[in-house]
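We have chain W; now place chains R, D and B onto it with these hints.
Same order as they appear, the protein sequences are chains W, R, D and B. The letter at position 201 of the first sequence is residue 201 when you use the UniProt record's numbering, and the numbering goes up by one with no holes. The letter at position 20 of the second sequence is residue 20 when you use the UniProt record's numbering, and the numbering goes up by one with no holes. The letter at position 232 of the third sequence is residue 232 when you use the UniProt record's numbering, and the numbering goes up by one with no holes. The letter at position 247 of the fourth sequence is residue 247 when you use the UniProt record's numbering, and the numbering goes up by one with no holes.
It should be emphasised that the hints constitute simulated quantities derived from the structure, not laboratory data. Model, not experiment: these values are computed from the prediction. There may be inaccurate statements among the hints.
What the hints assert, rightly or not - Cross-link-like lysine to aspartate or glutamate pairs, in silico, EDC-like; alpha carbons within 20 Å at most:
(1) W:Lys289 <-> B:Asp288
(2) B:Lys289 <-> W:Asp288
(3) B:Lys180 <-> R:Asp288
These are the residues of each chain, in order.
Protein chains: 4
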Amino acid sequence: MMSKKILPKTIGILTKPHRSTEVRQLLTPLLPWLAGKGLSVMLDREAILSMGPSPLSVFDREEIARSADLLIVLGGDGTILSAARIATQRQIPILGINLGTLGFLAEVPKEETFLVLDSVISGHYVAERRAMIHADLLKNGERITESHDVLNDVVINKGTTARMIEVEIYANNHFVTEMKGDGVIFSSATGSTAYSMAAGGPILHPESQGIVMTPICPHTLTQRPIVFPESVRLETLFKTADAHVMVIFDGQISVPLEKGDVLRISRSDHVTRLLVSPDRNYFEVLRDKLRWGDA
Amino acid sequence: MMSKKILPKTIGILTKPHRSTEVRQLLTPLLPWLAGKGLSVMLDREAILSMGPSPLSVFDREEIARSADLLIVLGGDGTILSAARIATQRQIPILGINLGTLGFLAEVPKEETFLVLDSVISGHYVAERRAMIHADLLKNGERITESHDVLNDVVINKGTTARMIEVEIYANNHFVTEMKGDGVIFSSATGSTAYSMAAGGPILHPESQGIVMTPICPHTLTQRPIVFPESVRLETLFKTADAHVMVIFDGQISVPLEKGDVLRISRSDHVTRLLVSPDRNYFEVLRDKLRWGDA
Amino acid sequence: MMSKKILPKTIGILTKPHRSTEVRQLLTPLLPWLAGKGLSVMLDREAILSMGPSPLSVFDREEIARSADLLIVLGGDGTILSAARIATQRQIPILGINLGTLGFLAEVPKEETFLVLDSVISGHYVAERRAMIHADLLKNGERITESHDVLNDVVINKGTTARMIEVEIYANNHFVTEMKGDGVIFSSATGSTAYSMAAGGPILHPESQGIVMTPICPHTLTQRPIVFPESVRLETLFKTADAHVMVIFDGQISVPLEKGDVLRISRSDHVTRLLVSPDRNYFEVLRDKLRWGDA
Amino acid sequence: MMSKKILPKTIGILTKPHRSTEVRQLLTPLLPWLAGKGLSVMLDREAILSMGPSPLSVFDREEIARSADLLIVLGGDGTILSAARIATQRQIPILGINLGTLGFLAEVPKEETFLVLDSVISGHYVAERRAMIHADLLKNGERITESHDVLNDVVINKGTTARMIEVEIYANNHFVTEMKGDGVIFSSATGSTAYSMAAGGPILHPESQGIVMTPICPHTLTQRPIVFPESVRLETLFKTADAHVMVIFDGQISVPLEKGDVLRISRSDHVTRLLVSPDRNYFEVLRDKLRWGDA
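So here's chain W without its partners, still in its complex pose (with noise of 0.2 Å):
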């Protein structure tokens, strides 16, 4: 699925912690670059402390996901994820900028930024639009106290201590059925070579619009993973006391869960617009990463 051209005026930069010298080493020709074509950058915190003193201004997530119409982010995939919730509201489109190894997400490696910006801001970059999952904790399966709308996954998963949580799991009101083990992923087609794939469950087409749900080391050996169509509406009570159990919105918000809390999942309404390459080949990413086809 892919979209109309992209020609950004306003570019977020999202950065990834704890990578200063390589992100300063990125930006100090990269914001010079912007300017001269004439674009408004916004920098994150990280961006910001990477850069050492600086006149340069801060700009907090809620004023970059107001104003951006691009979002450039320097990291791997787990900041990609985090900058897919910034981008929500407006569908912004995100460009991923590897600082390490090749991630599912962010593609594009440093060496090539300037290459690729370059055509991205020339409008022969496309957008895929990538599925999301919407997701609603309901504390005592009545009050909604958490909302995300998140690209990867969403997990249920035991603390250390625990020995084995149980839910029930409904779809469309339908009971379908009691699960004891260690937890369950429900993932978008985006987060099926993440967690899910760990967990035994299979790789998703990013085109596939379904929900997988893929149980964590099941006490029972029949529960395999499920791939639900996306007009699903699932719902999850969790049944365990006592116990340290989250439930995690793409590896980077954990919420405690309760006895008696209900965790619904719907597709999202809204889609992760991804920068990538007309020439790029889904197939070629996932033989590179799972080492498909060797041996």
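Chains R, D and B in isolation, oriented as in the chain W frame:
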């Protein structure tokens, strides 16, 4: 996905071979009952054989495919897969009466035959529209020699002597991977609980439109099942010489594969319309068949 | 591996907490019955609590470990794992009376308590010798701070906040692999049907002497469970800083792990002697617990 | 398990078919080199064929099995499996020279042939003793018609047409389970990284003495691989009629199975003595072959 009401006039009856006693016991009261409702009946060869000497005519599959507007299938899931091919062109709805243990497709227990049929012909049943897979086999990658629409799966499987086979997979003309192993399964959502699951594939909810590709005993540990979106066009190039390898359509039609042959897979333009009770619950069947949640 | 007959004089009774009604119902006739056979009885705190006001003395775990020559365990598999640690030093035989559903270890249904005990004290029961695992935890890889003999497993498991942990595995001083993921399980044959199985590990027949290492949600798809021979000496170097990670002995004793800690695993010099009926059939338990062969 | 030094006098040379160029290039310098060391050489038919017109005599497998006290195998893992059957009776040590990519068994790269052979004939190499599997096939469960000692595995595998096969498994005369599916693999530790692994089986360290039973695409999701102790005696009753099903010994000898046939599996009294470098590290091979720890 539910479609409009079924109000049949001519009923085709398709039966599982080698079950003549059970078939006769069911047909003996069923035929006068259907006649009493003013319905015409077309019996297949197996049905006639089970009845013993009788004035009734045999209808062949082509005649039934042309004229019936409801198929009653006496048998199990295999008999329904076979009926699905007859039903394809005119999308005749199918009602599966189960002669043995509960099936994923043949859901009506034989004891409830009359109760259910009464509902069906009064229009109280609805047809679930199940996605099918279209497969073309091209000799030397050129001339289509086989073309099938299947409800469950298309399988490439090595024979007993071959040690390992080798295929190349392409999706929308992009190279995906080379697979070495016992073979590969292309399955619809409906087929996901059959052979694909035994080979380690995920469950796809029946409303899922995607196609799952599941490797069989892959040589490379990283080759996980992939779920493709419904728009995918897959091509599999068969690369092994001198092997007794078959491509098998819905477990019923086997065609030998030769080096250079290409198997094309896409979503079918047709669907299978399965009659299901309004009270039916897919997850109950799943729990019952897979023994979910037990132990 | 069967050992010589059991002819006990002093019986320790260990009981599952929070099951006082069932425990009392069983102890009320059991205590006079054992006295009638001329046997001394040592009750643990939970047993005494369940009996209500009573002249009986509580014995602590150390006293029972020193004096009992048979342990009767009222509870489930967890209670037996706990009893196995008491029994280790003197290899006291254990008889598990099941208060709930059939366990892998607690195999006697409570209805059969007296029938079975009669057989046991007449020497008609035999003790299966189950291999145990010895584990040492070395702070900074130097000083042993924890040392346990366990019947089931030793588990390194990430907490809810940590995204992934990293360990290096050595076998007999050879580097085996680096693992990234949720953790790793070292399991005996007895423990192979518990947590290791939920994480994808194989079943080890109870007479198998090997140790199975099962990764939990490994980041690298190729990291399969490995079965090591009984002679193996495994070392796991924990490499992640600032994580809430635990090493857990038999699911009951949790100790925090720090970067640089080393976990040493080898076969224990001790065994657990489980009393089993001469008619017992391991595969029946396996079929019953795993629902093998059904569906 | 390492055994005493190897000091050979008569060397059998076994070669992979259809690799005449590589074999000739290696034999041309190797034969005079061995003669110069005062060693007799026995060449198999493939070796002679690869040499072109030559005064050297062909020795058949039986002659080599009777007289050689070292087998040099030019080929890959398959050629070594075949050599292992020749070596069995007199437990002749085997040195595998790899003509292609690194194998689990054929570990010496051809470039190092002379270096390694020099070490071997000076007694600096040691033989690893690898457990083998003994298999008897009984027609109608009565008369032994086939009897093999194999290094890797014994496989029951359905042909292309059969939809599913059915066997009953017994261990030490106890019923274990009924299996429906594509077949079943009985593998040694050495074979555990071959076909058994592709079917989902665990890795067994080469010093493990157990036998792993791995179902192939089992119909029942709960049928996990089981590791049996070395003392086990397994019997498999084949129950399917009219199928083209084979039992395959080490991937090389195929025998048709009929309903009522029984396959008996136990640990062999023989071992395969594989010559390995004292510097060899099993885990390096494993990491290299399985791509462990990458990505």
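Results for each hint:
1. W:Lys289 <-> B:Asp288: 17 Å, holds
2. B:Lys289 <-> W:Asp288: 17 Å, holds
3. B:Lys180 <-> R:Asp288: 18 Å, holds
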